[in-house]
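Residue numbers (full-length UniProt numbering), protein chains in the order written: chain A, 1 to 339; chain B, 1 to 290.
Check before you lean on any hint, since a few could be wrong.
Derived DSBU-like pairs: lysine-lysine, alpha-carbon spacing no greater than 35 angstroms straight-line [unchecked claim]:
hint, chain 1, residue 1, chain 2, residue 2
1, A, K130, A, K209
2, A, K107, A, K130
3, A, K321, A, K290
4, A, K130, A, K113
5, A, K107, B, K286
6, A, K290, A, K249
7, A, K209, A, K321
8, B, K286, A, K130
9, A, K113, B, K286
Reference listing, derived: stretches of chain A covered by chain B, where coverage requires no fewer than 3 residues with Cβ under 8 angstroms from a Cβ of chain B [claimed, not checked]:
hint, region
10, 75-88
11, 97-108
Hints in this document: simulated from the structure, not taken from any laboratory. Glycine residues also receive a C-beta, built at the ideal position from the N, C-alpha and C atoms.
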Amino acid sequence: MGNIRLSNVSKTFGTQEVIRDLNLNIEDGEFVVFVGPSGCGKSTLLRLIAGLEDVSDGRIEINGADVTDLAPARRGLSMVFQSYALYPHMSVRSNIAFPLRMAGLDKAAIDRKVAEAARVLNLTDYLTRKPRQLSGGQRQRVAIGRAIVREPTAFLFDEPLSNLDAALRVNMRLEISELHQQLGTTMIYVTHDQIEAMTMADKIVVLNKGVVEQVGSPMELYRTPANLFVAGFIGSPRMNFINGNEAAKVGASVIGVRPEHMTMSPDDGRWCGEVGVAEHLGSDTFLHVKVDGIGQITARAPGEIDLRHGEKIFLSPEPGKMHLFGQNGEIVSASGAVS
Amino acid sequence: MATMHTRSIARLMMAPSVILLLGWMLIPLSMTLYFSFLRYNLLMPGMEDWAGVFNYEYFVTDPAFVTALVNTLVLVGSVLVISVGGGLLMALLLNQPIFGQGIVRLLVIAPFFVMPTVSALVWKNMFMHPVYGLFASLAHGLGLPAIDWLSSAPLLSIILIVSWQWLPFAALILLTALQSLDEEQMEAAEMDGASAVRRFAHITLPHLARAITVVILIETIFLLSVFAEILVTTSGGPGYDSTNLSYLIYTQALLQFDVGGASAGGIIAVILANIVAIFLIRLIGKNLET
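In isolation and in its complexed conformation, chain A is listed as follows (with noise of 0.2 angstroms):
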């Protein structure tokens, strides 16, 4: 059991106020990932949950109990930092074990344990090293270790791969997410890559300035965005907006489409434009395209696309995957109503 519960929690410092009256339910066994712009909050959020910092105001439950007043230790939760903070002065066994010995287990149950902790994480072979003669990757699978050992009733990640390089960053997301799917344990996860979120969540709750903007799947997320923060923020390159007359025609003040939704044409289309700048990243090209009295699109056309900077081309978007915004930035009509 692994449910998470958050009531009207806040959080201010001095006088400024990082998390307002927030609401968040966390199912058992949920991947969950909080995302969001750096100062956004999350990683204030995730710590609350951990105990690290007191709430101002308001209730964190795990499994039904009032968890509020508890010292981290006693929630029953791990934490992976994003310094990994492993202790530089024991070896990668006495780490994983640290948490054990803290528990008063017998030596026995410790050494199977964490036996079997490095067997999950392939750490076998460098139990007897220290931190720092690890690769940013095994420091990483020890931080992990540190944390299942422990049979947490939820795991809790702080930013765990921003410390390493693009490539391996690739790797340990997928690591993590077959670890979930391994233990079957909750996982709350904190991150700015909205791709990380994107990839490996069950559930996003995208968060701007203390408030959650909208929760949840990727694909609802990336379908029908609730405003304008969330539909900037998920998908990448990111959603086109089109203000002034252009919206206006629609009764809209903000048109969104994604560049993956529009389809070009050299003859005829909604819009005209002069290619700007050509990404071509092989599977993909990303056209920056100067659309008079709108300004630049960005069009996403096949990896093998022969355009040249100044070339003349029609966008318009695709039917139905258009994304219509009011004033107040809410979205007034999902993607399909308008076409």
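Given the coordinates of chain A, work out where chain B should sit on it, guided by the hints.
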């Protein structure tokens, strides 16, 4: 990194300072060594002749020597314990966020900037004096007889004075080490269920090991040669109760004018310091390895 050419130029450039420093060290040392084998007394100038190991025999069989040796080791040991232990506590306190942190830290560090002679005089006349001293007044306030610290507990008094001087040094070094402790490590340990005491034992103390080693090594070097504090307070007395090795050498050379005997004592002190150094490096030097 460097080619053969730049390396030999670098050696050439460094040579003058290396030669100067080497001479600075080797000439006094070899002269001391030479004098220690001479019958050399300032009261009988021009009568120096070869004495063999007599000076060493004389110095070592002097009943004051064993006392001085023990006093030296007790002084070094006690001051190390007090300054490292107290410095650790102080650093832990100073690392907490408190009001007026900057001023408090400055005040704590202040004793280190006071000259040994001055601080010894302050202690002698303002704290430990049986008539005017603060301790005497405190004792009177409690209805107790005043203690004449410097004559009834001379070595303890010296230990207190020297500890007072070195406590800030230890506190300062340990405070900076504490500040470099990764906050996330402490939080991780907290999440792992370690109590405050166990976090201190398992995380903080190992983190400080290297800083503590540095404090012990540096303090030992200076504490072996404590001199001014003894000269201005007890003058080594009563009897030889607060005489350490460097003070004994001073009496030999400048009160008894026996340069030969004092030189022998100096060489013995050098050997002793090296024994202590080797012992310390063996014991705690592994903390300095990266």
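Now the hints, each set against the structure:
no., hint, result
1, A:K130 x A:K209, "violated (39 angstroms)"
2, A:K107 x A:K130, "holds (21 angstroms)"
3, A:K321 x A:K290, "holds (21 angstroms)"
4, A:K130 x A:K113, "holds (19 angstroms)"
5, A:K107 x B:K286, "holds (28 angstroms)"
6, A:K290 x A:K249, "holds (20 angstroms)"
7, A:K209 x A:K321, "holds (28 angstroms)"
8, B:K286 x A:K130, "holds (16 angstroms)"
9, A:K113 x B:K286, "holds (31 angstroms)"
10, 75-88, "holds (count 10)"
11, 97-108, "holds (count 4)"
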